[in-house]
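Q: Chains as they are written, first to last, in my numbering: chain A, 1 to 113; chain B, 1001 to 1113.
Quick caveat, the hints were computed from the structure, so don't treat them as lab data. All C-beta atoms in this analysis are idealised placements derived from N, C-alpha and C, irrespective of residue type, glycine included. One or more of the hints may lead you astray.
Unchecked claim - Only part of the chain A face toward chain B is listed, based on derived beta-carbon distances under 10 Å:
1. Ser-31
2. Gln-37
3. Gly-42
4. Gln-48
5. Arg-55
6. Gly-56
7. Gly-58
8. Phe-60
9. Ala-92
10. Thr-100
11. Ala-102
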Amino acid sequence: DAGVTQSPTHLIKTRGQHVTLRCSPISGHKSVSWYQQVLGQGPQFIFQYYEKEERGRGNFPDRFSARQFPNYSSELNVNALLLGDSALYLCASSEGPKDTEAFFGQGTRLTVV
Amino acid sequence: AQTVTQSQPEMSVQEAETVTLSCTYDTSESNYYLFWYKQPPSRQMILVIRQEAYKQQNATENRFSVNFQKAAKSFSLKISDSQLGDTAMYFCAFRNTGNQFYFGTGTSLTVIP
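So that you can see chain A by itself, here it is in the shape it has in the complex:
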């Protein structure tokens, strides 16, 4: 079985641009969560989606948004990129929104220049 897949693996953007990151969960998993991992820090929770609805949001500005599609894949969008948005963005999938095992993807490395 394929694990959690994220695309792209790396990308470079310029300040002020917009970026879209994608995540495909493990087959059968209906919940997707997004995390931001700044260099030298632990991952920080951004969003959780389950059955296409937002179930949780971390302390991130409105420039960050996400959505989940009928096939349970998800996109994370970041507008008006800042240098501080440079980070590894991790996606985690689980069967449901509560008390179920979560599996992480390998992440997308975003560099803002």
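Model the placement of chain B on the given structure of chain A, informed by the hints.
A: Then chain B, alone, in the frame of chain A:
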């Protein structure tokens, strides 16, 4: 709010020796899970060991074991018979019932041949 603290930014251990990584957390929740994740340079978050808060017995997975002190909100990881492949960043994480993870800042472990 939940917080996770790892007070050891870096540690090293001789191959075949034992090392203990420290973690403390703070929460007002009564039902939660605690995890140790390993993140090698490949960036993949790999689950090392998991502990349910309602279980008093400390979790063990082969060479990895934890010392869970619920009253003290302490959750340390012991790695026995350290191997070169154990070299990585180790993150302590708290997961609430909503499947949202809160991570510490990590401990960089180096196993010395």
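Q: When the nearest CB of chain B is found for Gly-42/A, is that gap smaller than 10 Å?
A: 3 Å, holds
Q: Holds or violated: is there a CB of chain B closer than 10 Å to the CB of Gln-37/A?
A: 8 Å, holds
Q: So, as I understand it, the hint says Gln-48/A touches chain B; can you test that by seeing if any CB pair is closer than 10 Å?
A: With a closest approach of 6 Å, the Gln-48/A hint holds.
Q: Quick one, is the Gly-56/A hint okay against chain B at 10 Å, beta carbons?
A: 5 Å, holds
Q: Is the hint on Arg-55/A kept, meaning its closest Cβ partner in chain B is under 10 Å away?
A: 7 Å, holds
Q: Does Ala-92/A meet its interface restraint, that is, does its C-beta lie within less than 10 Å of any C-beta in chain B?
A: 7 Å, holds
Q: How about Phe-60/A: closest beta carbon in chain B under 10 Å, or not?
A: 13 Å, violated
Q: Given Ala-102/A as an interface hint, is its Cβ closer than 10 Å to any Cβ of chain B?
A: 6 Å, holds
Q: Quick check on the hint: Ser-31/A CB to chain B CB, less than 10 Å?
A: 7 Å, holds
Q: Please verify that hint: Gly-58/A, Cβ, nearest Cβ of chain B, below 10 Å or not.
A: This interface hint holds because 8 Å falls under the 10 Å limit.
Q: Let me know if the C-beta of Thr-100/A comes in closer than 10 Å to any C-beta of chain B, holds or violated.
A: With a minimum Cβ separation of about 7 Å from chain B (threshold 10 Å), the hint on Thr-100/A holds.
Against the hints set out earlier in the document, a violation occurs for number 8 only.
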